[in-house]
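> Each chain, letter by letter, is given below.
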Amino acid sequence: MPQSSSSTFSSEPAPGAGRLRGLHGPVARTLVWTAISLAVIDGLIGLAFRMPADPRADASALQRYFDYGRSIEGKLRRMVGRTPAQDAAIVATGWLSEECDVDTRESPGKLVFDIYGMSFTNQIAARMEASDPRLASQRFGGPAAPPSHSYACFARRVGRRHLAPVQIIGVLASSVPRMQTLSGLTTSFEVPEPFTYPRYSLGSAGRLQAEMPAITSRSELRAALADPPLWQAFVAQLRHDDGFYAEDVFRADIFDHSVLGRLLRRAWGQRTIRNRTDALRPQQDFAGAPDLVATLRAMLLDFSEQARTAGSRPVVILLEDRGYGRTLAAMLTETLRENSIDFVATSAIVPTSDSANFLPDGHFTPPANEKIAAAVLAVLGRR
Amino acid sequence: MLFNSVAFFCFLPLVYLTYRVLPFRWQNWLLLLAGYVFYGWWDIRFLFLIAFSTTVDFAIGLLLANGRIEKRTLRTISLFLICAAALFLCPDWSAVTSRPAALRGLLVPQRLGLAVLAGTVVFVSTALLMIGRFCARPLTEARRRSLIFCSVLVNLTFLGFFKYFNFFVDSAASVVSSLGVDPQPLHLSVVLPVGISFYTFQSLSYTIDVYRRVAAPTTRFRDFALYVAYFPTMVAGPIERARHLLPQLVQPRQIRAAQSADGLVLILLGLFKKVGIADGLAPAVNAVFSSSGAVSRGDIVLATLLFAVQIFCDFSGYSDIARGVSKLFGIELALNFNLPYFSRSPGEFWKRWHISLSTWLRDYLYIPLGGNRGGPVRTYLNLFVTMLLGGLWHGAAWNYVLWGGYQGALLSGQRLLTRGRLDARASSAPAAAQGTATHALPGLRSVLTTLQICAFFTLCCYGWLLFRASSFAQIRAFTAQLAGLGPGAASVITKPATSAVLGIVVLAFLQVCDYRAERLESFRDWRPELQGVLYAVLIFIFVMGTSNAPVQFIYFQF
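Just so you know, the sequences run in chain order A and B. The numbers in the first sequence follow this note's numbering, run straight up by one, and end at 386. The numbers in the second sequence follow this note's numbering, run straight up by one, and end at 1076.
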């Protein structure tokens, strides 16, 4: 026999009681106090850990923590000042037009090498110089720059009058997914990096073709932020061509004004990026993105060919960071060997399975850098 | 589906609202369907395993009690099992949920799927024949024993195959190869179905209880299927008993406002523990335990302490959410954790930690082995064997066996040390003696209790080191380092997430309040204003934790 659900919520109004108690009882009072307390906590933390008004000032760890979830647009508008002198330091880094349109410096009596990449390659270059005083490096890169940034930087320099006899490009495993982006804004949404770079793909004839970003310099970025149509055009390009663009993470909205809102957006943003990265590497390799792998291979082959044509020796460093095992080594070793390109795979020297090789911020430890530098030096000394 | 996933936050309100508008008879159907969706979310093929356990144990329960099964019931369960086997024709659940284009795959029969379907049809036909012959003869004790043997065999064979096959084969291979013989590799690519240990034990407890005549069998297949596949408990417990859960499933339920409020508070507490604390500690713990190089003593101590907190928050957080969700449906689940880190001895710890497992092991393993009825030596042996198997239940790896052995040794050691005292107490007036000690020096007693708690917590933490270690070599290296015999090493531990640091402070405060009040969730007695502030803090820390990298519940792998 069917029986009706006898579920009941016993919250009868008590005669003569106050509106709150009468209508809802202790449960409702608790709920109201929860809401009030949340609002107070939100407001107090927002006040106590407000970011400094001057973007050049250092923010404390907790100020940054509670600001990570601000929209990319919100953070960008805060970090870009009216003049270059008023910009946050990160705004100045990584622009191809400012970093790469330069000759290699003359260093008499020294073997000079140009190295393209990011902080990982900078640290290795510094270790190489420290261990052999006959070496001098010129470093090109941006924070967590993807191979497309390094390749674009090299391509801008290759036609120049003077190029170092050794050209080294560092490929960081965790930066490979960023080849689907046009700037460091979308993937590093917690601390967005405004610099831009082309997005490469393989054309029908198997040749590399570049999609150029609408903004290519710091001055253009400043102008766009002050000019809504220009800004909208850039955002529209990101929406269309940047594989990691997410509207609800990028656009400034009411969530920016609440600590809780920012925390929720941070979680959502991380989830979005994690899902998109996981889609590219379903089995911890990049099997989900065969086009990406083919483009990376083509980039490295073109890099070595152009370097050799310019009379330089190409070297590739495959930098496997935490959580990537030997993804790059498995993906690229064969290609590099077949084309006689010298390379160093860090997974064979400082395995990612050993957390002792990494600093808490994800970089290699100094001893690990020393081992990698020694391996690169050994490759350079081979011929 | 994970309790802390977006999918679950959509799933739960949908199920709850539908549940509220349905009449009772449809509520169980809804919960059963919800259970299968919840579980099938991982992989729809896993449902076949649950269906198999459900069908076999339901049929054996009826045969144990009545010696026969009605034809209509037989038809129903046979059809149910064959339909469940047909799920194997589906390549995977994600094909159904996320890639409509891949739905074509549903129409292409897989070789494995066809084999499972054909095998199931053969199994069902054979079982029907055997049941027919079985029902034709009177039910004797010997025949009942053979029935319970069948139930245990089927359940443990499934568990053994999916969870332990590769473990035992690999272990045997390494033993053989150590003798200089090169064994042929027989490693199967078997996926461990989520929570198989939990629902297998739950289902098994039903048939054993019916065999022992301490529980009546249910005659409605739907209710038994729901007992096995009740979604709050099915993947990580609490391991429910038929005597406790089944009566609640077969009767109409009243959902009281206080019960629902309790449920919501428990869900919040569970999310706070899991998302705010456990997930925030995981990277720091992993940095130490995944290091293949030398690790400093400070790192080992800190990581082990953090793991003790992580595993407690992870597992008790899951249990809290399970109990909370169940309360929303008007169903009470067993308590699984009762302030375990306030234990003063191993015996007390196992009365407070994973209570549903420890009582299961006591009732269905320790007591059948003889319990404490065969003299001291036999008791120690029974304790040791029970805990050893309890350790193996946690996972197919030798470090779990070692952890179980360690717990068994602690329990036996405690029993050995307190045996004289127990004997003395048994022959004197215990209440008077205890009362005198308590009233004479209450301050001293409190200090002694604190010291006992700290001493046992230290022992407990070493157990967690064994549990968390990734290899025997790591256990040796870490133990040597703790003993001051290891090499010096740089620190590799990372900073725990801010939410975890704040969360531990709040949790410690709440646990001390509960311990002093001798009542769990004692904050429910606070004034509504204070409760409101507390809930706001818990919500805030939970929201902070949502940006910690999500980690699967540790006990899912068991």
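Please keep in mind that the hints were generated in silico from the structure rather than gathered at the bench. Be aware that one or more of the hints could be misleading.
[Unchecked claim] Chain B regions said to be covered by chain A (calculated; three or more residues, Cβ under 8 Å):
1) 796 to 808
2) 1060 to 1066
[Claimed, not checked] Ranges of calculated distance between the beta carbons of each label pair, as one might list FRET restraints:
3) A:Thr336 x B:Val699: 51 to 61 Å
4) A:Asp61 x B:Leu857: 35 to 45 Å
5) A:Ala31 x B:Asn584: 20 to 30 Å
6) B:Cys979 x A:Pro354: 41 to 51 Å
[Claimed, not checked] Straight line, CA to CA, 20 Å or less: simulated EDC-like cross-link-like pairs of lysine to aspartate or glutamate:
7) B:Lys1013 x A:Asp135
8) B:Lys1013 x A:Glu193
9) A:Lys374 x A:Glu132
10) A:Lys374 x A:Asp135
11) B:Lys589 x B:Asp741
12) B:Lys1013 x A:Glu132
13) B:Lys869 x B:Asp688
14) A:Lys113 x A:Glu132
15) B:Lys869 x B:Asp881
16) B:Lys1013 x A:Asp324
Predicted model, so just to flag it, every value in this text is computed and none were measured. Note that the Cβ used here is the ideal one computed from N, Cα and C, for glycine as well.
> A separate judgement is required for each hint: does it hold in the structure or not?
Right, here's what the structure says about each hint:
1. Figure legend: the stretch 796 to 808 of chain B, annotated as covered by chain A; annotation consistent (4 residues with Cβ-Cβ distances under 8 Å, at least 3 required).
2. Counting residues of the stretch 1060 to 1066 of chain B whose beta-carbon sits less than 8 Å from any beta-carbon of chain A gives 4, enough to reach three: the coverage restraint holds.
3. Taking 51 to 61 Å as the suggested C-beta distance range, the pair A:Thr336 and B:Val699 does not conform, at roughly 35 Å.
4. The hinted range of 35 to 45 Å is satisfied by A:Asp61 and B:Leu857, whose Cβ atoms lie roughly 43 Å apart.
5. Checked against the hint of 20 to 30 Å, the C-beta distance between A:Ala31 and B:Asn584 comes to roughly 51 Å, which is inconsistent with it.
6. Distance hint check for B:Cys979 and A:Pro354: the Cβ-Cβ separation is about 29 Å, which falls outside the suggested range of 41 to 51 Å.
7. Annotation: proposed proximity of B:Lys1013 to A:Asp135 is violated, straight-line Cα distance about 35 Å (limit 20 Å).
8. Between the alpha carbons of B:Lys1013 and A:Glu193 the distance comes to roughly 18 Å, so the proposed pair stays at or under 20 Å and holds.
9. As the CA atoms of A:Lys374 and A:Glu132 are separated by approximately 13 Å, the hinted pair is consistent with the 20 Å bound.
10. Between the alpha carbons of A:Lys374 and A:Asp135 the distance comes to roughly 14 Å, so the proposed pair stays at or under 20 Å and holds.
11. Proposed proximity of B:Lys589 and B:Asp741 is supported: the alpha carbons are some 18 Å apart, at most 20 Å.
12. Simply put, B:Lys1013 and A:Glu132 have alpha-carbon atoms about 32 Å apart, too far for the 20 Å limit, and the pair is violated.
13. Proximity of B:Lys869 to B:Asp688 is assessed by CA-CA distance (about 35 Å); at most 20 Å being required, the pair is judged violated.
14. Restraint check for A:Lys113 and A:Glu132: satisfied, since their Cα atoms lie roughly 10 Å apart, inside the 20 Å limit.
15. Among the hinted pairs, B:Lys869 with B:Asp881 is consistent with the structure: their alpha-carbon atoms are about 13 Å apart, no more than 20 Å.
16. For the hint linking B:Lys1013 to A:Asp324, the alpha-carbon distance of about 19 Å falls within 20 Å, and the restraint holds.
Comparing the model with each earlier hint shows violations of hints 3, 5, 6, 7, 12, 13; every other hint is respected.
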